[in-house]
Amino acid sequence: MTTQTAAAALADGPVAEDWAVDEIMITSLAAHFVDGDQACNGMASFIPVSAFMLARMTHAPELVWLASAVGLDPRPDRVPASTLEAPLWRDSVMYMEQFGDFWNYALNGRWLQKFCVGAAQLDRYGNANNSFIGTDYHAPKVRLPGTVGMGDMGSIGKLLYYWNPNHNPRSLVEKVDFVSCAGYLGGGSEREDLGLTGGPQLVVTNLCVMDFEPVSKHLRLQSVHPGVTVEQVQAATGFPLLLPDGDVPVTAAPTVEQVRLIRDVIDPDGMRKREMGKH
Amino acid sequence: MIQDKRASLAEAASLVQDGDVVALQNMATQLAPMAVVRELIRQGRLNLGIVGLLAGIPVDWMAAAGVMDRFIGGAVTMEQFGLCNRYRKGVEAGAIRVEELSETAVNARLGAGARNLPFLPTRGLIGTELIGMDPDNLRLIEDPFGGRPVVACRALVPDVAIVHAHRADRAGNVQLEPTAEWPDLGIMPKAANRVIVTVEEIVETEVLRRRPDRTVLPGFVVDAVVEVPFGAHPTSCFPFYGYDSAMHLAWVAAARDDVTTEQFLDRYIREPADQAEYLRAVGGATTMLALERMEHA
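Chains as they are written, first to last, in the numbering used here: chain A, 1 to 279; chain B, 280 to 576.
Honestly, the hints are just simulated from the structure, not real lab data.
Glycine residues also receive a C-beta, built at the ideal position from the N, C-alpha and C atoms.
Derived CB-CB ranges, DEER-like:
id : chain 1 : residue 1 : chain 2 : residue 2 : range
1  : B       : D536      : A       : P244      : 46 to 52 Å
2  : B       : D422      : A       : V93       : 33 to 39 Å
3  : A       : E192      : B       : P414      : 22 to 28 Å
4  : A       : V93       : B       : A372      : 44 to 50 Å
5  : B       : R493      : A       : E174      : 48 to 54 Å
6  : B       : A374      : A       : P249      : 48 to 54 Å
7  : B       : P423      : A       : Q201      : 29 to 35 Å
Here are the simulated DSS-like pairs of lysine-lysine, each with C-alpha atoms no more than 27 Å apart in a straight line:
id : chain 1 : residue 1 : chain 2 : residue 2
8  : B       : K368      : A       : K141
9  : A       : K114      : A       : K175
10 : B       : K368      : A       : K175
11 : A       : K175      : A       : K141
Only chain A is shown next, with the shape it has when bound in the complex (with noise of 0.2 Å):
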C-alpha cells in the first residue's frame, strides 16, 4: 500500500487546515503500522512514538507497540521526554528482559517485521550512518553516537522506516561516509546477494516520502508535503532525486482528528517538536 492510499484509508474526517510538519511526518509514518504488526522504538523516537500511538488510536487498534522495546502494551499517559525511559512503559503488561528475551523475538523473524530508523545520515540506496563522520574510522572528524541496534535491523529482514526531520544535503547524501546499517548497499541485488532479507521500504522527512525503485534500490520521491516544491526537495538533496512516473503526487494531509489527537491526547507537551530543526 502506498502512502497515500494507506493515508486516504485512515484519513476519515475533514482535512487540518492547521497541520504543522511534525504531524504530517506522525500521520505518513503511522499509515504504515496496520493491525497484526508489533512496533518497537528505541532513544529519541518521538515521530514514531507518536506514530504508534495515533495507529493504535484509529486505524490500527490491534498494533502490538513494546515500548522503548521493553515495555508490551504500554499505558503512558502522554509521550514524555524520552523514549527510552519509565514512563514510557507506564502500565505495561509485561516487561521483556533484554538479552534473553527481546532479541529472541526480533531475531526469530515471525515477528517485529518493520523498524524505524533514525540515523545522522542516509544515503541513496537506503544504508544508513551512526558511526562518524569522516574517512577515518579512528580519527573521526565526529564521533556519532553508535549504531546499537540498528546495525543489527539493517541485516536480520525487517522491512526499515526511516524518518528524518532535517532534511538536508548532510543528511541525505549520496554516499554515507559508513555503513553502520544496512541498506541496499551499491543497488541493484547486492543486498539480495548477501542473503539479506527485507529492507529498507520509506524514508519520511519534513519535506517529502520517498520509496525504492524497485530494480535499482534506488530513492526515489514519493510524494511531497503540500507546499513543498520538487524543487526545494531536490535542493535539499545531496544526490539527484529520482521521480515517480508523471505527476509527483501530494502527501495526504493529516484530518482534523489526527491532529486533535496528536496535540491534545499523545504528544501535549509537544516533545516531537524536539526533533525538528535540530541541523
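Model the placement of chain B on the given structure of chain A, informed by the hints.
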C-alpha cells in the same frame, strides 16, 4: 554460614586495576553504578576500557577525567541531553579508541565470555562496515551446516563488571523491583572475572525469600556489595527515582569548556569524600525528593 561480601566504595573500587576492561551497566540516562564511577575517578584509575551497550554520563565523566582510553560497545549518548561531548572529543583527538559493536554483537561477545565459548554467532552486522573495522573480534564465517554465513563474535571476558540494583543481602544476592531489565545485568556479571554491585539498600536474606522471582543474580558471582542510597544518581533507578535533568543539563553546560569541566569534576566528584557528601553537593533531600517516581498500576 554465608560469606559477607559487604564492602566500602573504596574497597570495591580497588577491585578495578589500571588498564582493566570494565563492563559498565547503563542505558543512556538509566541505571549506571555512578557511585563507583566517581570513586574510580577519585582514585585516579588510568587506561580503563569501558564496555557498554548504550552508555551515557558515566562514560562522559570518565572521558573528561582521563580514566578511560577505550570504549567497546554499542553507543555513547545521553539521549535527550545530547551527545557526550567529552567522550566525543576524546575519540576525535585519538585519546579514546572505539570498538563499535551492534547490540546483538555486544550480547554475543559477552554471552560467549559467560559460557566459556570462543565465540557466539549473530546474523546482525552483515553488510555493514563495522565487521571490517574489528577483525580481531568480528569475522564473517560459513555456517558448518550449509546455511547462510554468520558473524562470529569473539568472547569478551571483562576484568570487572559493575552494576547497580535495588537491593541485595550481605551475601550479594541481588534483587530488582519490577523495572526494565536491560541486557547489562543479564549478562555482564556472568561474563566478568570480578563483580561489583551497588544497591539502594542491603537487607536481611529473609526479605529476598519473600520474592525469590525478583532475585536476578546469585551472591556466589559477586565479589563486593556496597549499600549506596541514590547510587545511580544522576541516572535513574525506576521505580524508586528518575534521572536528574538539572544535573545532566549542568554537566552539558560545564562540558563545553575545559575550565568549567574541571570545576564540575572537582565539585561533584573529586571533593565529596563519600555518598553523603556527594548527595549534599547535588542539593540533598530537596533534589532527591523532586526526582520523578513511577507507581505501578
